[in-house]
Each structure stands twice: as C-alpha cells, then as structure tokens.
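Below, each chain spelled out in residue letters.
Protein chains: 2
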Amino acid sequence: MADPSTCLPLTRDSVAAARVLIKPFVHRTPVVTSSSLSALASSPSAASDLTEEGKRKANPKLRLWFKCENLQKIGAFKARGAFHAIERLKREPGWLAGGGAERGVVTHSSGNHAQALSLAARTNGIPAYIVMPTISAPPKIAATKGYGANVVFSGSTSVEREAVTAKVIEETGARLVPPYDHPDIILGQGTLGLEFQEQVEASIAEENEKNGKTDTGKKRKGLDAIIAPCGGGGMLSGLALSCENTGIRVFGSEPLFQGADDAKRGYESGVRVEAVSTLTIADGLRTPVGHIPWSVIYERRLVAGFYSVSESEIKRALKLVYERLKLVVEPSSVVPLAVALYNEDFRALVEREAGEEGWDLGIVFSGGNVSLDALGKLFAEEES
Amino acid sequence: MADPSTCLPLTRDSVAAARVLIKPFVHRTPVVTSSSLSALASSPSAASDLTEEGKRKANPKLRLWFKCENLQKIGAFKARGAFHAIERLKREPGWLAGGGAERGVVTHSSGNHAQALSLAARTNGIPAYIVMPTISAPPKIAATKGYGANVVFSGSTSVEREAVTAKVIEETGARLVPPYDHPDIILGQGTLGLEFQEQVEASIAEENEKNGKTDTGKKRKGLDAIIAPCGGGGMLSGLALSCENTGIRVFGSEPLFQGADDAKRGYESGVRVEAVSTLTIADGLRTPVGHIPWSVIYERRLVAGFYSVSESEIKRALKLVYERLKLVVEPSSVVPLAVALYNEDFRALVEREAGEEGWDLGIVFSGGNVSLDALGKLFAEEES
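Those protein sequence lines, which keep their order, are chains A and B.
With my numbering, letter number 77 in the first sequence gets 77, and the count goes up by one each step, no holes.
Add 384 to a position in the second sequence, counting from 1, and you land on the number used in my numbering.
Everything labelled a hint here was simulated from the structure, so no lab data went into it.
Keep in mind that the hints are not guaranteed to be accurate.
[As the list claims (entries may be wrong)] Derived lysine-lysine pairs resembling DSBU-like cross-links, with alpha carbons at most 35 Å apart:
1) K439(B) to K407(B)
2) K441(B) to K210(A)
3) K445(B) to K61(A)
4) K474(B) to K210(A)
5) K524(B) to K23(A)
6) K441(B) to K319(A)
7) K439(B) to K474(B)
8) K551(B) to K23(A)
9) K315(A) to K529(B)
10) K603(B) to K61(A)
11) K140(A) to K529(B)
12) K219(A) to K377(A)
13) K319(A) to K603(B)
14) K439(B) to K524(B)
15) K315(A) to K474(B)
16) K55(A) to K603(B)
[As the list claims (entries may be wrong)] What follows is a list of derived Cβ distance ranges for each label pair:
17) E206(A) to L560(B): 46 to 56 Å
18) G146(A) to S587(B): 26 to 36 Å
19) S203(A) to E590(B): 13 to 23 Å
20) E582(B) to S203(A): 18 to 28 Å
21) E206(A) to A550(B): 48 to 58 Å
22) A275(A) to T507(B): 22 to 32 Å
23) G539(B) to R28(A): 49 to 59 Å
24) E590(B) to G146(A): 28 to 38 Å
Bear in mind the structure is a predicted one, so any value in this text is a computation, not a measurement.
We put the CB at the ideal spot given by N, CA and C, even for glycine.
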C-alpha cells in the first residue's frame, strides 16, 4: 500500500485522477434498466408485509438504474481499488527503485479483494501473497490461486490472520494492501460513481431528445440519488466522494440480521461500531465500516443516511434480479434494491422529497461472485 | 394464425419484412463476448473427457459471440414469432373486419411460447387462450395468467391437449397460433439472425479500425458461422433463412439424452423423426422438429449439420455461463456453447475449415426462463 502521507486528498478530483490511472485495466461496466422493476418500486404493493396494518404505505415514484459491477473484472468492483493501489504504489517515491515490485504485495481476505489484488499484481508481474483461513471454501482458494497468487493459510480469527500476515511481511518485504481502509482503495472504488453519473446523464439526454423535451425547464438531467451496499465502506465512501458537490444524494444500505447494520447504528448514535459478528447471507457486508471510510461517510456527512433490510427481503430482491434482469449477482449486491422496494422509511423519504417528479435512483450491483451451491440451496429453500 | 396461403415466402427478404413489423414491440438484444470463454474454446483442454485416450484432441481457434435472447421480452426469442404472428393476422384480409380481434388467439403450450403469445395478444388488446396441462408447474401458470391470458386446463397427452384446443376454437372462434410449425413464426424468430449479423459486423469493424487493420486483405468482416439450439426448429429454420446467401454457415445443436437428438438423426438418415420422448434438462428441446422447419433445415439444406452433447456437458456449460458471463440462461440456451467447447466432431470441423484464422462463431442464448428451484437443485447436486 502506498504510504498514506503520499496519498491524494479524499476529493472528487482525486477520484477522477484515479480513474485515469486504472482506465486501461478495468471495464466500464454497463448500466441497465428494467421497466418492470421500476414499476414495482413505484407501486405501494411492493412494500414489505411487515408494515403495520392500517398504516398507509408509501408510494414513491422511482426510475431505477443498475450499475453492473458484477460484470467488472474478477466479478466485483474490488478490481478498481486493487488496480489503483498498485498503480499508486508504482508511483510512490522509491518503491520501484527499492525493489518493491520484486517483494510484492500482501493482504488477508478470502473474498473479492483477494482475487482483485491477485489479478492486479499478476497484470503487473508483481508477486501477491494472500492470507486465507485454512477453512476457506475450496473454490475460493482455487480461484485465488487461479489468478496466480501465493495462498498462505492461517487460523480463522483476526488475531491469527494478522500474525500470519505480519510474518509474510517480515519474510518477503511485501507491502500490505488492505481491503477498504486506505485512501487509494477508496479513490479506486469511487471511479464507478463517476462512470455511473455520466452513463445515466447520457441515457437521459437521449430519452429527452427522443421525446422532444430538450427545451422544457423541468427536464430530468441525471441521477437524483444513488444507494449502495456498505460493508467496510470503501466503495460507499468512494462513491460519496464522486458525488460531492453534484447534488446527488448518496445512501448506504445494510442487512439488519444480527447487527450487520453497524454503519446505520453508528451514523445514528454518532459513534462508529467497531465490531460485528453476523452470518447474514449478504456475506460481503459482514464487516464493520472502517476508520477512513467513516471519516468520509459520517464526519464529512457525504452519505445522507442508512437503511437496512431483513434476510427475507434480500432473498426476495435476489430472486427478482435473477428472474427479471437475468443477471447473476451475489446477495450483497441486492441489498440496495431491497431497500428501494421494501424499506418503508426510505420509500416515504423519496415520496416526500421527490414528489410527483420522482427520482432517478442509481443502484450499485457490487458483485456477482456467488457460490452456485449456496445459491442453489437458497432458491430451493425459498420455493418450497 | 394467418392462413398459410397468405404467408410470405420463406426467404431472407421475408425475414427482413418481419423485422420491420415487430420492431416496435421487441428488444434488440445485446451481443456479449467473454475473452475467458473464447480462450477456453480455443484450447484443446476444453474437450470432453469422453474422447478416446491417445487420440489427438481438436484445437480450433474460436472467437465466441453470444446473442442474448434471454434478455428479450418475456425472457426468450419466442416473443419475436408471437408478435409477428399477431401483426400478420392483423393484415390478413378480412380477419380484423370479421371480428377476429374480438375472438382472439389460442395455443397449447406451457413454456415460453405461451407467455410470448399472451404478451403479444395483450399488447394488441386481443384475448389469448392458453391450453396447459393441469399438472403444469404453478409458477408457469401464474406467469401466463400474469400476462393476462385465459388459461384453460387439459390432460397432459397431446391428444387431450388438442381436444381441449379444438373445443376452445369451437366455442370462441379464436385462431390457433402454433409454437413453431408456421411460416409467420419462423420468419419472426429469424429476425434475431439479422440483428446478430449486423451487431457482430459493427463490433468487428470497430476492432479493425482500432487496430488499424482497415486496409489488409485478410481482415475479418463478421460471423463465419452461427450455432443455435434446435427443439421444434422454428428458430433454427428462421435463423438459417436470415443467413441464406450470406456465406454464414448455420449449425443446429441438441441434447443427446434419450433420443433428444431427433433432428440430427433425421438429418443424417434423410427421414424426419416425428416423435421423441425425452426428459433432458434442456427442457425447451424435448420437441421433435416440425414439418415446415424441416423443409428449410433439411430439404433446402440451409442448415449445414447437427451436433449433440451429453447432459453433463450441458451442466458444465451452464455453470460456465453463470460464473463467467454472470448471465441467467435456461439449460436449453447453453447447448450450442457445450458443442463449441466439448463436441470433438464440431471442434475438428472448425479446425479443419477455419485453420489459423479461426472462426467468429455466433452462439444463440435462446432464453432465460429457468425455474430457480430446479436450477438450485442442479447446482447443489453438481457441487457435491
């Protein structure tokens, strides 16, 4: 990881600079829409069964836009941050000259960040060491090795993983690239926000032209808001930076299960929650929000609020994405859509703020790396 | 169904005419590529385990292009034929004036054709009667009703279904729209072929320009061949018509299981196989090829040959599409990909004919309407 003292400031311009660096290495992922999902989100019947009887259900008008980071390299947005981290390292004074590229990079992760860092390192001919718990699922180990990384096994507690990581660093001189709590990672992930804004603006301009609305004063111009999943908060904080001073509101979304809504609780109480232990099916969102992401999300108030959903709401949204959009996404990806469809607080907010005009709401599909086995069991259980 | 005597001749021009009629109603579905799947198809290691030991495995060079009809309206190419059938009916002398639109249309189907006809009828304000076996899966019944159709139940043998259909026609005066054995349906399905050809030509022209290859004599121009699934043969024959006199070779693909390779057997023996009883997981391909499709496929030799694959090859290809392309497709959709990856006869043909240059091979993903329950069981079983 680049020494934080050499990092760019956490601003929208720095996200734009990150985008230039990683452009040759990552996909400009597509943005898709679905008239049936937008209609569902704009109908009160989509609201959760949990709403108390008798209470009027919110009826917001929502036009949904989906940013498909499930179609990103390695199947998740994490490729952006990893490529950016490596590009910044290459530019850190003395790192290359001092043999940094031979010593390599290291992280502890068994998820998308492991694969992203492995790919970014291999692309640059740099060795990558990935510390993974011995009990990791064999397909994840195989996938990481498939990207050419050296997998180093550890126990599964964070103390054990950190001890093994420290040992790798001592023995190899590799530089640590953490999954979210670093400016280079945050700025890299934020690049998806700049793309998303441009893509929706272009689509709406095209629509306006088709409908001859180029001269009306009230025409839509782009996204009104974006809602994204929040785990460690690297992507959410980068996204928030990409929207600073644009007028686009950014919201975070989390599972409710077993306290996985740590960022929401921290945001509302003013104190960051530093530990979480949850087995939510949205397995990318089991991590508490990190220190640097928190400074962007909460201290600078660049995120406008958090909303959470139940496990069954996540499953319903997941099923809709498979059935209506025909896209493979991981459960974490659909948490924002579940909020838009089923969270009455969020839906009431949109109705109140957006009125008749409604909102163009961006939804980030964070990744598509799902175990087909787990998915199979999930759907089999849902149908019965 | 339009009276066959009023139908357009089965030519490429008629497919182009069909395209004009249905353009306002159907999607121009995207074409996607995957460098990892093209690399896999271009490597001998992708070949099936079934090849006899010691025999050299074929090593063709294949650049794969996927036509995503899983993203078509109702989730399958069947929307094209159904909308075309209705548009042609509206133009049949006397049909509208004689109250045809009030009497409606009828078909017997429990699959994609049922939903396609229901949507096309509803879009035109025409009643649709869909005869389905009482034992049909409840989600299929619900989906068809969801498109506004009148579902009429029957027994599950073809004799019982046809008796109920005849009764509906007698009582309502509705016109029968069969799923594949009619010129209007064939011409409608064929429109996907014209789109596919244009889309790949445009992409290759863009690539050539980027690589400065605009002046070389040997530059690639478009698809060399297309391979598609074959059930009743409506789509395959329409696709073949769309390629007539273009130099693009068209191949059919089928499951091997329990004699589902009826078109292949018929093509090789010269006699159409008229009955099949198979429970292949590629459930859209359990039907024997129809009479009119056969005249295009075999008698006019517009299809260059058929290839078949095993159930396990279909499952392997299905898993690859979910994992690498992140697309939801139904098992029938991946039969052509399974041929390109695992059928040694097909692969040897490509190596022989295409040589060093290789082929740009189009693959039709026919649909994405899969029962998530069945899918779950399939993947759960595969992983264990």
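Name the hints, by number, that the structure is in violation of.
Those not satisfied are hints 1, 2, 3, 5, 6, 7, 8, 10, 11, 12, 13, 14, 15, 16, 17 and 22.
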